[in-house]
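Chemist: Throw the hints in and build the complete structure from the sequences for me.
Our numbering numbers the first residue of the sequence shown as 105 and each following residue consecutively.
Simulated from the structure, these hints should not be mistaken for lab results. Treat the hints loosely; a few may be bogus.
Calculated lysine-lysine pairs in the BS3-like style (CA-CA distance at most 27 Å, straight line) [to be verified]:
1. 213 <-> 271
2. 288 <-> 260
3. 260 <-> 213
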Amino acid sequence: MMAPGHQVVGFTFGVAAVTMLPALPFLPERPLEVIAFFLFVLFGALVPDIDTPRSKLGRKFWRILITIFTITLIVYLFAPSFFDTYREPLKTFVMLLLPVLLMIRGHRKMTHSLFFLLFLVVYSYFVQWLLGLPWYYFGGLITGSASHLFADYITKRGIPLFYPFSKTHYSFFITFRTGSIVEKILTFLLVIVNVWYLLLAL
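Modeler: Below, the structure written as structure tokens:
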């Protein structure tokens, strides 16, 4: 799917999650937490495509990453004492970023597998424990990422569900081409369903 379709499917998954899982914050008296949850869902809906510089998120990610590494190299060459002052934050940053980079093996490979979702769950628990952030934010990230895999699963190309153990792509028995009119119609219908549901819920 294209980025808009992924985000609409992600939002739909988010609505379903907060409806079926009482631990998630779909409560009128907690609007900021609801908004934060859905922001993480929308971000998570794009995360698996971080494996390609051509994707919406991938372009920004790789541009930012190259910028960070360039600045780090310049600082290392001209102000090495900076690393003594900020050694612990830099170690934490590298520790959190490195596993994500290791998961990138080409488009629709590692980041489009069940193994990636499992990795994301474990990784989220670790970061939550390390930084003490609310768990439901990571729940939004995982929900969005799961929605991305589902959305690509129903396209003709499918996804390698069991990568790296198998490179075979699996898809639903009813599929459509990415960017096709079918995808646009489906996206439009999901927008209508989401708006209708939210109007009833309010």
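Chemist: For every hint, state whether the structure bears it out.
Modeler: Results for each hint:
1. With a C-alpha separation of about 8 Å, the suggested pairing of residue 213 with residue 271 holds against the 27 Å cut-off.
2. For the proposed pair residue 288 and residue 260, the alpha carbon gap of about 15 Å is at most 27 Å, so the pair holds.
3. Simply put, residue 260 and residue 213 have alpha-carbon atoms about 15 Å apart, close enough for the 27 Å limit, and the pair holds.
Every hint from the earlier list agrees with this structure, and none is contradicted.
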